[in-house]
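Colleague: The primary structure of each chain is shown beneath.
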Amino acid sequence: MENAPIDTDDDFQRRESIAEKIGWLLMGCLAIASLIGLFGEGPQSEKSLSKNGVSITYNHFVRNRAETSLEIVYHQSQSSRLTVAFNNDYLFNLELKSILPKPEIIAADHQTIFVFPTDSRSGEKRIRFFFEPQSFGRYTANISVKEDTTFSFDQIIYP
Amino acid sequence: MNSVVNGLITYGFLWLIFRVAGKRTLSETTTFDFILLLIISECVQNALVDSDNSFTHAALLVVTLVGADILMSQITSRSSLMEKFMNSSPAIIVDHGNPNAKQMKRSRIQVADVLSAAREKHGLERLEQIKFAILEQHGGISIIPFD
Chain E
1 MENAPIDTDD
11 DFQRRESIAE
21 KIGWLLMGCL
31 AIASLIGLFG
41 EGPQSEKSLS
51 KNGVSITYNH
61 FVRNRAETSL
71 EIVYHQSQSS
81 RLTVAFNNDY
91 LFNLELKSIL
101 PKPEIIAADH
111 QTIFVFPTDS
121 RSGEKRIRFF
131 FEPQSFGRYT
141 ANISVKEDTT
151 FSFDQIIYP
Chain H
1 MNSVVNGLIT
11 YGFLWLIFRV
21 AGKRTLSETT
31 TFDFILLLII
41 SECVQNALVD
51 SDNSFTHAAL
61 LVVTLVGADI
71 LMSQITSRSS
81 LMEKFMNSSP
91 AIIVDHGNPN
101 AKQMKRSRIQ
111 VADVLSAARE
121 KHGLERLEQI
131 KFAILEQHGG
141 ISIIPFD
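Residue numbers (the working numbering), protein chains in the order written: chain E, 1 to 159; chain H, 1 to 147.
In isolation and in its complexed conformation, chain E is listed as follows (with noise of 0.2 angstroms):
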């Protein structure tokens, strides 16, 4: 270019011009992976796990600081307690905000159980845990219901 008061650098702009289009991609990539779940509440985030009539919905995925819940569900068949004992190592991670309906709480050795009362009508029960990470990394939940139906996975906690 005839007297350009700037250093004109065809091939940086070029290379930059490819660079901000791979940039977006990613961009558009990340975005479409937080829509399907991969970075919590999603379909690829929600799982579930069943077993002996008892079923646990958990989210895979989840944020640090961001409430997420876990729901148990089971049949109860005659009036008794129902228990749910969690391992301390991955409850000492979370805060818990609520639980639905509201237990006792006994602290045992490396774990903490939730006692719930039961009423006299058989049927389908739930329980919900209202819970917010405090940490990120992978911890692993083991969760046992009725002491006799134990469920183990894992959870990602992003940053």
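No lab work stands behind these hints: they were computed from the structure.
Please note that the accuracy of each hint is not assured.
Simulated crosslink set (DSSO-like; lysine-lysine; CA at most 30 angstroms straight-line) [said to hold, decoys possible]:
no.	chain 1	residue 1	chain 2	residue 2
1	E	Lys97	E	Lys146
2	H	Lys121	H	Lys105
3	E	Lys21	H	Lys102
4	H	Lys84	H	Lys102
5	E	Lys125	E	Lys102
6	H	Lys131	H	Lys105
7	E	Lys21	H	Lys105
8	H	Lys102	H	Lys121
9	H	Lys84	E	Lys21
This one's a predicted model, so the numbers in the text were calculated from it and none came from an experiment.
Mind docking chain H on chain E? Use the hints.
Modeller: Only chain H this time, still in chain E's reference frame:
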């Protein structure tokens, strides 16, 4: 430690996003661009402050962010390569009245944007009156008219 780490990561992440978005995103040319910047600041605020509302945390964050900015300016002033990498470089988009179509397409600029800058800064009416139009690093358009 969290204050410094969060501050640096947020600063670096925002630099990367705006660097990839291109020069024009920084220039606030449209209402939407302006709104975008307002919303981004709100999004980032929660991640930076979290639940720590102490003065100490705020002061540490400010020191970290300003420090990072000073460090960036020191690095870019010592190396033209780093300057280009971190801040991009200006580009000529109109040369002696002729628009550089390839450059304008890369930069997502229309002829109307150039004419708007020309009217605003120099009261020019046509491209033929423009010797050079340069897209600056900050996303603004500089106009050098013919003498």
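Colleague: Tell me, which hint numbers fail for this structure?
Modeller: none
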